[in-house]
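There are 2 protein chains.
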Amino acid sequence: MLLTRCLLRALRSCSTAPCPRHRPSSRLSVRDALGSHNASGERVKVQGWVRSIRSQKEVLFLHVNDGSSLESLQIVADSSFDSGVLTFGSSVEVLGQLIKSPSKRQNVELKAEKIEVIGNCDAKAFPIKYKERHPLEYLRQYPHLRCRTNALGSILRIRSEATAAIHSFFKNSGFVHIHTPIITSNDCEGAGELFQVEPSSKIKLPEENFFNVPAFLTVSGQLHLEVMSGAFTQVFTFGPTFRAENSQSRRHLAEFYMVEAEISFVESLQDLMQVMEGLFKTTAMTVLSNCPEDVELCHKFIAPGHKDRLEHMLKNNFLIISYTEAIEILQQASQNFTFTPEWGVDLQTEHEKYLVKHCGNVPVFVINYPLALKPFYMRDNEDGPQHTVAAVDLLVPGVGELFGGSLREERYHYLKKQLARSGLTEAYQWYLDLRRFGSVPHGGFGMGFERYLQCILGVDNIKDVIPFPRFTHSCLL
Amino acid sequence: MLLTRCLLRALRSCSTAPCPRHRPSSRLSVRDALGSHNASGERVKVQGWVRSIRSQKEVLFLHVNDGSSLESLQIVADSSFDSGVLTFGSSVEVLGQLIKSPSKRQNVELKAEKIEVIGNCDAKAFPIKYKERHPLEYLRQYPHLRCRTNALGSILRIRSEATAAIHSFFKNSGFVHIHTPIITSNDCEGAGELFQVEPSSKIKLPEENFFNVPAFLTVSGQLHLEVMSGAFTQVFTFGPTFRAENSQSRRHLAEFYMVEAEISFVESLQDLMQVMEGLFKTTAMTVLSNCPEDVELCHKFIAPGHKDRLEHMLKNNFLIISYTEAIEILQQASQNFTFTPEWGVDLQTEHEKYLVKHCGNVPVFVINYPLALKPFYMRDNEDGPQHTVAAVDLLVPGVGELFGGSLREERYHYLKKQLARSGLTEAYQWYLDLRRFGSVPHGGFGMGFERYLQCILGVDNIKDVIPFPRFTHSCLL
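Quick note, the sequences are listed as chains A and B, same order.
Just so you know, we're using our numbering here: the first sequence kicks off at 1 and counts up by one.
Just so you know, we're using our numbering here: the second sequence kicks off at 1 and counts up by one.
Errors might be hidden in some of the hints.
[To be verified] Derived pair list, reagent style SDA-like, types lysine to any residue, alpha-carbon separation capped at 25 Å:
#1 A:Lys416 <-> B:Pro127
#2 A:Lys171 <-> B:Arg31
#3 A:Lys300 <-> A:Arg51
#4 A:Lys114 <-> B:Asp271
#5 B:Lys171 <-> A:Met313
#6 B:Lys416 <-> B:Glu382
#7 A:Lys171 <-> B:Glu71
#8 A:Lys357 <-> A:Lys416
#9 A:Lys131 <-> B:Pro127
#10 A:Lys171 <-> B:Ser173
#11 A:Lys171 <-> B:Ser289
#12 B:Lys357 <-> B:Gln270
#13 B:Lys129 <-> B:Leu139
#14 A:Lys45 <-> B:Asp271
#15 B:Lys171 <-> A:Arg31
Calculated directly from the structure, the hints in this document are not laboratory data.
Use the sequences and the hints to build the structure in full.
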């Protein structure tokens, strides 16, 4: 490549128009170049990858993209530029004048004075082909290259914007951000199958654990956030969580991101649900307004019709039904379910789908689940004979469960009883301590970040909204 | 606790002043209460934890903190409030009028109409004692309670602000945020000892790996960021990284956070160093300006004198020396080192300390390290006979290495040779691919986030700047 590069440098210096002296060119991102509406010939330098080439008799049109936006910058060059080395996928540096484009397709274009190929691209070997719209399944085989397509470029820019929007939402609401730990010795919360962590075989000590105790990858930052909610009234975390589940579903990953919040002095699910709905709607609106082209690509080519479905979700109030009502709705349904809906049994995917549809494809909160179905830390509603806890799940169209949350059992004696029932008293002394010293009513929730992106964008498979998906039998790169 | 609470509710409704009708009280955070400079008797509700109690003949003074700021809100109550249940550490809800304080110590105070104890605190059993300034080492024993002290409260608020500042710095500079994976099959990068990941014993499949290949916890997101820098010209990640090293040092953790950035079309270390220095200075200034009281606590009580040391770092340009110059400086030093400084051998902590001191306690970039000391991906300087690569480390006072970075070897044939030399050709075909298809000169760096906080705050032990420290023999909670 070095050779090509030097050669081209020499080549170009002969064939290009002379550069006016004392007018150094400033480096511009494609986004900034496209945004300069009063382009009037300023000399700029743009760097990126060739996304299209069209050679006419006298003129060569290139489109160069650098990832700063979906749209590429049109480069107009003299046909004397050798388009042979300017292949799709190659990286280039273009020096020229930014001018108003005569075409209606774009506001500005770059009149090239010098085009340097920085890195060649062997079009035959390159798995991404010029002018082809590759299916997302095909691209999944190439996790190291798929970000170079329009689709993944847009999704990853949106993911970045959504990440920022979520951080902003919480910061603006006065939440303190906490890095809850990834490696944890809490092994019995029951949120799912665990991954265990040990030093790799090379240095494994035969008869002891590195941490003295068995250590696992976190399934949730909740218990650690609860520690913090004994000092800060509003805390959140946004990080990776893990499940060692043997699943190849379009909604599950072994490694995925969760946004979790915990709020002190909260005494009703209503207050929690307000924050959940606010988080979803505020950040979705921010993403829509900050990445209109990227979102449009998804809503046009990946999930046609999804724009309307999303707007319907955003403009309506989310609904609230109790678990008991949900079971009644399911039992009265004319549909035949594979799993018969019954009080005291978990809702299945088919049930969730039916409920969302029944509610007019508006997200629906299901609250107050049977105590027996839920983990020890959820707050007892003391509402026998149908004994429930103050739990809440948010079901959304197309994705199913997006949020899960609850009020936490802040009452020492109730919690102690629950822990004893689960045989966890000894392991959770520290958790009981939180209730011995200035306990407060509190609650919180977790939102699956990839499912949130699926819900906003209409992307069917969770593997397409995360840069490097990890699941059973697959850990590429 | 429930009992106490009901009792108090009844109790208070007798003893408090009558509440004016139709004037509902709004809930206010302590921070917002303290910030209302024109307090003129508006009725508000404040919730938090009791940080001090002073009972006089006719008046009871409380200080209530809710984690929204270091400063607590002074509550002034009738001495008829039973101060017996109002113990240090208990949680309370106070209803009253926000008024201008007659004392010069605070602007506002809350004249209590009703004080409700929400959760008692058994002062005898509570490891945090009233009016005691506990050493950080002592608090480390109580990871579930130490956030309730002033010191940890301040550090965690600062950590949260610094996290936001770092995200903002990159967003404002046009970087795309990427979640690089935590679990990875790259096992041979050589950045340190690895943790291996397997499903916990309960469901371990006897003769195969969950991911089909051995999987490890990431030591760096760099290689995955490099994938992205083939499509986006500026990317960053900010997440947990891991080392299975048997270290109990004050600068090492088994789980710590790294800020990593990768920039395309960068051809000189100078450009990288500019971003590194900008990141450090810009975000440090933001933290200083957004958390003045919290930073002051650290600079006053935890690390006296550190304020001046930090200002010295912020107002001076960082220095640049080559590795070769560094060795010469060390060899000419009058100091006796345990490890004799020698060209071709790694710098030791004692060397780093000396260099920083030699440079007047200003952060110093050390560049161009021997090729033989560095991993395969660093760019060959082709400068024999002393063969170096374009690597850079930033050494800072008190902490040592804070950043590490390099230009990456973007030339296909050079990289291929390096991989062959390390026996990694097969495992890194995907990484070679990045150089086959539109390769560009690029470089990046990583900054240890906990060390960054140590450097800004002067906190000596890394275990005190992370909510839940993980290291050999310790994984509490």
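Unmet hints by their number, sorted upward, for this structure: 5, 8 and 9
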